[in-house]
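Chemist: So you can see what is in the structure, the chains are spelled out below.
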Amino acid sequence: MQKIIKGLFVLLTAMMVSSCTKEDNFDGPNAAFKGRLLDNDSKENFLTETGGVQIKLEELSWSATPTPQYIPSKSDGTFEDTKLFSGHYRVTPVNGAFWPVEGIEMDINGTATQDFTLTPYLRITQFTHELQGTTLIMRFKLSAPVETGLPRILDVKPFVNTSEYVGSGATISQYTDPNKIDINSSWSADIAAKTYEIQVPNLKTTRTFYARVGVRVDDSFKQFNYSQIIEVKVP
Amino acid sequence: MKNKIYISIITILAVLLQPSCKDLNIDPLNVIQDKDVFATEAGVKGYLATIYRALPIEDFYYRQEGSGFNRQWEHFYHPGALCGELVGPYGSTYDGAGGFGYWPYGDIRTVNYFIGNLPVYGTGFSKEQVDAWLGEAYFCRAYFYFALAKRYGGIPIIRKVQHYPEQSLEELQVHRDKEVDVWNFISDDLDSAYNKMPAASERGRANRYVAAALKSRAMVYAGSIAKYGSENFVAGAARDQGYVGIPAAAAAGFFQRAWDAAKLLEGHYSLYRKKTDKELNYADLFLDKESTENILVRDYSLTTGTAHSWDATMTCRFMTADGLSRAYPTLELVERFTGLLPVVNADGTPRRFDNTSQLAQGLEPRLLATIYFPGATLRGKQFDMQRGIYEHFAGTAADELGQNPPNRQFRHLAGKTETLFNGMRIIGFTGISTDGDDLSRTGFYIRKYVDYNRAQSQCGLYMSTQSWIDMRYAEVLLNRAEAAFELNNIVDARNMINDIRDRAGAPLLTGTFTIDTVRNERCKELAFEKQYWWDLRRWRIADRLLDNTKYHAMMPYYIADEQKYIFLREFEPFQRSYNFEKKYYYEPIPGGELGKNPNLYPNNPNH
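Heads up: the sequence lines are chains A and B, in that order.
Here the UniProt record's numbering is used: position 197 in the first sequence is 197, and no number is missing along the way.
Here the UniProt record's numbering is used: position 298 in the second sequence is 298, and no number is missing along the way.
Same shape as in the complex, but just chain B (with noise of 0.2 Å):
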């Protein structure tokens, strides 16, 4: 009987053993597999989703410090207010001028593993797709460099994906690549997207243009780099071994290579002009989705839980429904387009106003759609601006802005609107106050992307969907009269221009000009985009522009006796001074990744 039992069960388990060692090798089924990703189109564009994610665009959450690319509410950490494109909750220049320690090469990798294995499991797939989503890839790829080099210079170059522990840790501590191969490398993979992807794209993802775009984005800082940091630069080893710097020599071929790049895109965008008001044309150019001069944008959405909060923290609470403003326009941005405002009469007293926005007419159609001057309307109210009360006022404004003002003690100042001074409101609603500074600082507000049709109860946080644009043909024009002018194009620098500025409603542009011409040029139409910070750094004008440098506002003051309004040209209330140090052409390699390859050595002269 035991026999029997015995027996019985060791024939059962050697029947059961016998299939059981063949198939132990299968795959997870809680697991997605490369081939379940790289062998559909629904995979490869969740992949390629996931890659656009992370690209760092510097939209309307991007700040130059702190948080970075990751989202929060508070837009007025905005890197202009780091370097006088406006007045902002910084302290001071450093507060930014060292990044975040920006270090994507996790988002690299994923880029990389596309492009390594794409080929290998999409070979379901036509020869023209394949080649259209490598495209993107090596765009996403050069976005990211690009990124890197801006800040940092000369960074490790990782074309493939690494292997740990399959590579040594020799291997895989690279060493630092030249600053000029980077831009290099940039410059390749660009080309590869352009010559890979096709002509259009779904909204929001690249095509051919949007790579050449890119590229001459990329070219123009390589150039100025080339060009001006020979001139103006910080001593060290990084730069004696060529990991930060550019040979002069190089810069007429990258500025070369940006107006091709630029000229690449004639025919395909064009400026917009849908409207004929040229100031509604210019607001509504930030707001149109269908706008024919976007090249490259980043969508938002409330179901998606990607709205943002430009409405609600762009003016103050007398518009919105929440949040509150706290970076400002400075005066010396204004002056960029208009030099001196008219405010002060031959003989050296305030013009007087009959009211705050008669300081408006007659200025440039773009500069009154990219700020709001006293007085302008938007969602039925007006920006009601004022600094205080002259009781009487007598003599010069220089007098006034002088050591010793003769009319002071005729000024009255207040911290909240509801002060009076004989019944009347010593400050205007919307500013400016000696208290705080979630009114305005200067006498402007931002308009560039505020979405006016919006209702007020609409302004909320995180309640904001007008998408960003990332490139559009302006700035490509740009490149391309910049890099133009740089090679002595001029008459194409000027056409450029002018095209430009026949769009802004401003006069065009005859006779000689300068390369400065062509860079205020830039500063104008690109305001508040997150370029000027990148911009003064590139040409290396950053430490003579922000020199212990303080800001000015156009202050409103109503004269009681009188019962006109004159402007004084002051410093903005908090008196900040920017000031930037030269090391801070380029960023500190990030501590952290320092600690983990010494290889990254030497850091950034000064760092």
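Next comes chain A alone, as it looks inside the complex (with noise of 0.2 Å):
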């Protein structure tokens, strides 16, 4: 008895083993999309943080109202995604504080690259610094590329980190929201002829900081535009 079943237990593992032997014939994620998001104005990278622009994708090729996917942005600006099925997707930039965009349609096969002009609600202008004792103090102007249907403006915060990959969702806390000045209102020339400043009190002696500035408007996403980030050593 104890044969025949250890016997019938043998020829199920050999069955088992043997009849999964069909290949898939469907090709596995071998497509890759990348690319730059561009200021509009200055045609350099679009100031933003790891996350802080997401890339819709949407495949058309099999369903007008697909599921869709997200590549989030670096925090240089590019995005890049290398493991994507060929197909035809409609790629539109979101979730980020610059004027919506419309989609575009495009085949992406092997590495596909597009780049994509998005136009900031605001921008930081004029942007300087200094360290007094442990203090930093960031000064700037706020400009807006269009003025007209801007949503109210919110606020802006400092963000302090310890690594060069700063923003919002990279930060010590204690030196972002206490820092932080609220605006609440809409743009005007008041807001465009003021300089900013903000104060970061008491950083950590002997250390290395990185630091910027960011605004934020009342839209959909209530996402940051950014300062460039400087590099801030504290004696």
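Hints listed in this document are in silico derivations from the structure and should not be mistaken for laboratory results.
Yeah, the Cβ is synthetic: ideal placement off N, Cα and C, and Gly gets one too.
Don't take each hint at face value.
[Said to hold, decoys possible] Here are the simulated EDC-like pairs of lysine to aspartate or glutamate, each with C-alpha atoms no more than 16 Å apart in a straight line: (1) B:Lys550 - A:Asp219; (2) B:Lys582 - A:Asp219; (3) A:Lys56 - A:Glu80; (4) B:Lys289 - B:Asp543; (5) B:Lys582 - A:Asp177; (6) B:Lys289 - B:Glu171; (7) A:Lys180 - B:Asp547; (8) B:Lys582 - B:Asp543; (9) B:Lys274 - B:Asp499; (10) B:Lys530 - B:Glu74; (11) B:Lys550 - B:Glu529; (12) B:Lys596 - B:Glu202.
[Claimed, not checked] A short, non-exhaustive set of chain A residues, derived as facing chain B with CB atoms under 8 Å: (13) Thr65; (14) Asn202; (15) Ser220.
Two chains, two frames, some hints: make the complex.
Modeler: Take a look at the structure:
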């Protein structure tokens, strides 16, 4: 009896091993999609943070209403995904601090590249900084590339981190929230003329920090438009 | 011989076959027929009981994600813990903002079947009786659609039972209706319910005033979505086509309907004022089954296996027999009642207390009946609340809470109650520990609905039987106050609020006030009643209040060398931050439904 059962198990195992020999005849995710997000004025990379913009991909090869997938932006304003299925996609940059843009329909095969030019809601201009003791002082003005229809401006915040990956998702909160400036007002000549000053006191000594300021408006996403990143060595 | 046998067989067969082709089409006896259900009172009541059982009442069990309306014991997964009413087991607002894919069209079909068939089979009943039952069905249908509309905005309105395979797929794959149409449909159903039902009903079932109460709630939602959703919204195809969002011009009409509906209840219900002690009165309001304030309740019992676990999961094991607590009122909620608590002297130093119960002295009775403060008593035990010990404390509270706290080296915290410092317990029996979260994280516990008369040994899991009050008169007054204020009827709004404040033992409202006063009164009166989440959403202020926000605790410390207590306003120990993305003003249409019915596209913006 035992022998028969053992024999049956051996047979079963052999059958299970041999039964799945058929090959999957669909291609794996062998396509890649990458590109840069560009500021419409400077043609430099759009100032954002990790995940500050999402590239929405809708694969139209199978359905007119696919479930979208998203590629988050890298902190330098580029994006890349190397594990996509080849196909026909509609790609749209969304979820960032810029005026909405129309999507582009394109085929993604091999490595496809597409840059997007974005118009930020606000720019941080004349950005300067100085260190007084352990207090970081950042001064800047705001400018709006498009003024009509600009949503209400919410606030400006400093972001400080110990690595160059710095933004709203990567900051030391004790340095950020207590030092923000609330604006809560529509765009006006006063705001355009004003020089803002943000102070971040009590930085730890003998450390190197990376800092920037961000401003956001009350749109659907409430993401930030950023300044350049500065390096601050606190003696 | 053979022939004879054949002939007799044929004859017998012919005789047997003769009657057999007569009545094959008889009803099976093992399946209950429509006429059995809809033609007998017991059948109708049983059918209605099924509907009431499925009604999406957000009771003790309800959670905004996961198991939704299903029954499990972990009541601390409370929607208030997603949005700053409580701090709890949720890691962030995102845990529950997308909902759990509630899609009760099966239940709506059950109601529609009832509405279609009761008049056919129920001819033996009086017209009043049939109308009363139909009114209940309209009430329940509105209840389901209200639960859908507040989550998804515009969804398909199904008025009649669909038939498959008689109807084609094209007919069955219905389109979404506009959000404004759904709210109007809810309003119409509740009007039908009001007109058909009598003024009184059995406990736990609807009558015309229950329908009016639900209408006041639904219409104040619709009005605020129209008014505030047209200012604060997420752009997208669903909005452009009216599936989410209501034109701002419709707001006043909805508020007027809310006010009118609330007014109907006047004189039929009243605020609970049985006891003269206002704190005790307010606590009992949630426990007294005979409360004059109750409009619609759901009952629980041990024998039906429906008993819940509120007592076992709202306070810690120090006071209970089983279970654990994990959700605690935030200091921000307390400050809605009190403003900043007087724990700091004029010179900035922390005020010294002889004992922790002094903190609660002179506070509003309603607050003390809603939240257990340090030093309060439950089942003969005191809430023994202590975060730690300072050997010595000098300087101001602000400095100690700043980035370079001067007294930090004198501070002792602990994870367990048995940890001692110089022979003294470092933390209290009810918190606040450095480990885990089954003791308070904020210095407070929920008191509302906690049955203080229940013996500790009876406070186990699935042992609590206090009723859930789904609608009570205070909410109707608040609906009316809000609608009145939005309609510029300031006097009426003030009268409603002062009725509530008088019962609460709070100072009456005089002078001018704003919509924020009205809203704050609602947040206080209805705290922990699972309204706060929906209120923040419909006022469209959730993205502002929950903007990477962290919540605070009131931390009691013992100062060893002075033998006094101080309180520090610190972040709650987990320092979780809560963020509400605007897209969550509407939940996404469930993916499975989108897969079955492509006409449900476009999905809500950014989902």
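Chemist: Taking each numbered hint in turn, which are not upheld by the structure, reported in ascending numerical order?
Modeler: Those not satisfied are hints 1, 4, 5, 6, 11 and 12.
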